[in-house]
Amino acid sequence: DGYRNTNQVSDDYRYQDGSYDAPNDGYYRGGDEPAQDEDAQSDVTEGHDEDDEVYEGEYQGIPHPDDIKEKQKKRAPAVDDEYRDRADLMAERMEDEEQLAHQYENIIEECGHGRFQWTLFFVLGLALMADGVEVFVVGFVLPSAEKDMCLSSSNKGMLGLIVYLGMMVGAVLLGGLADKLGRKQCLIISLAINAAFAFLSSFVQGYGFFLFCRLISGLGIGGTLPIVFAYFSEFLSREKRGEHLSWLCMFWMIGGIYASAMAWSIIPHYGWGFSMGTKYHFHSWRVFVLVCALPCIASLVALKFMPESPRFLLEIGKHDEAWMILKQVHDTNMRAKGEPERVFTVSYIKTPKQVDEFIEIQSSTGTWYQRWLVRITTTLKQVWDNVLYCLTAQYRMNTLMLAVVWFTMALSYYGLIVWFPDMIRYFQDEAYESRVKIFDEEEVSHFTFNFTLENQIHRNGEYRNDKFIGMKFKEVRFEDSLFEDCYFEDVRSTETFFENCTIISTVFYNTDLYEHKFINCRLINSTFMKEKEGCHIDFEEDNDFLIYLVSFLGSLSVLPGNIISALLMDKIGRIKMIGGSMLISAVCCFFLFFGNSESAMIGWQCLFCGASIAAWNALDVITVELYPTDKRATAFGILNGLCKFGAILGNSIFSSFVGITKVVPILLASSALVGGGLLALRLPETREQVLM
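Each residue of the sequence shown is one higher than the one before, counting from 1 in my numbering.
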């Protein structure tokens, strides 16, 4: 009886209300020990650490109750997750994400900011540069493509808008996929689509196929903007994020400068191309399209050597891969700083609870296309769930306010950058028309015209036995005139028309004077032989150097705004930057009422672009910071898609008022900027916030 078994001891030592209740069996327990005086207690407990205190039941094999509870906590979720309410699981996941956000911020600070971030900066900058190039490509090639592919006015309008339509769809789709498949993988897909179809579009001859290629190319490049900013932000600490995301925005400006310079140096050179027979022509504007794909290809190649975002990997539970990448970032930066001996001290990183995991289908299940169909539909459903999540109560108000700010900014900005060149061209046309030469009742007979007639109006003239050989009509109009026994051979014409003319016994051989150029004319015994086929490019007329210069200066003018926004982004905050920039841009719009010449319009365009760029940069930063990691690219994609929709509306509305009135475009742009700027001031400030 001197020995008691362990189970009985365990029963005797009952844990109640935070203390052990020992049995009254006559054994000495040490509980009635007389109190020591104060000095004696101090001597005994000196250097004593309660955390190191040994539980007295440990020597008898009795587990501590706290250890029992901890083990139960660890075992319970593994068994009960299947039966737990989804709301409970999501609450636990959100708690994990909050812990991870603060831990990840500390890890990024330990990794430092150095060579790795700057390398990624230039790689992603090339991708952003490709996005900037894509916006300008169609506008530069449109005058040449119009003649090369015989485009009507409606076809030209569709070609100008189709890229924005592709970008709108690509931003939403590829941005959403980046939150499910990964930043790097989706950015590679996006750039590969853009590069492939941009390359293909430079070779196709038909309008329909060219339109399709530009649509898919736009879809690919549309995904780069949301992915690039989400990707780069996840390698930046809180103190560096606003500034360096703003520096990254400069590559969009560089893309515009690159496109303008290439158009200026390539398109006017007719000899920079080749022909294969009479049907296939590769003119210099196609060379320009090919050159514009180079930044995209360069970024695509460089991206193969960069790692996935560790923040994304932690979000999907891939702890070890994320840890290895963070160690790579740390070691790369430490070696560059001359401190290779610095050790990466992080051993474990919190990973959020995985609620909806993607279950891989076994290869024996169904046919290959059925398996792929299930994978695709499951992924798209997850993307759609993310889209709906951005409209839940927690994010609804921020999403709606950001949507209005993005839309108003895009409507005014993209509308005006199309309106500026159109207005400059309108001023040019007015000046050109003011120099028109008018000839009344002239009589010409037995004369050979073998030179260019330009910007002339001939009224009530008579032309008998005249020859028009190897010549060119540019902006020439014949009104109420008589042509008798004349001969036209190898004649090219631009904006040339015959109105209410009488044409008798006249031969047209190898000309482009088609039927629609004769308006209410009487053709008597006249013959049209071997008409010129297709359309013909007049490089001297259609490629105005001033338009390239305007785009170049407009892109270059945002440089001061980029520098100022980068330096002040973390000092004055995102909200003040957006509101202030949009309100200043609205004031700039009112000065457009005084733009009555080409030079004045160019100056106001540069001022407007320079003032508005800070708002764009701050919008990119705050959109990244307001949403959690698993929704970040999706939310950015939705808002950027809405931005492209605003661009489509802006282009359509503003261009329709060219030559009619300046009041509507100016008032529409300024009111949109004021409304969006005031609403932006109600958004939450995020500069002190860690990335969730």
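Among the hints, a few may not be true.
Within a straight-line C-alpha distance of at most 27 Å, the following computed DSS-like cross-link-like pairs (lysine-lysine) qualify [unchecked claim]:
#	residue 1	residue 2
1	K147	K240
2	K184	K327
3	K147	K472
Between beta-carbon pairs, the in silico distance windows are [claimed, not checked]:
#	residue 1	residue 2	range
4	K381	L667	52 to 58 Å
5	Q394	S597	36 to 42 Å
6	I519	L380	34 to 40 Å
In case anyone wonders, no lab produced these hints; they're calculated from the structure. Note that beta-carbon positions come from the ideal geometry of N, C-alpha and C, so glycine has one too.
Evaluation of the provided hints:
1. K147 with K240: Given that 27 Å is the threshold and the Cα spacing comes to 49 Å, the pair is violated.
2. K184 with K327: Satisfied, since the Cα-Cα distance of roughly 18 Å is no more than 27 Å.
3. K147 with K472: holds, 16 Å
4. K381 with L667: 52 to 58 Å: Taking Cβ atoms as reference, K381 and L667 lie about 44 Å apart, which means the hint is violated.
5. Q394 with S597: 36 to 42 Å: violated, 52 Å
6. I519 with L380: 34 to 40 Å: Given a distance of about 54 Å, which is not inside 34 to 40 Å, the answer is violated.
Hints 1, 4, 5 and 6, counting from the list given before, are not met by this structure.
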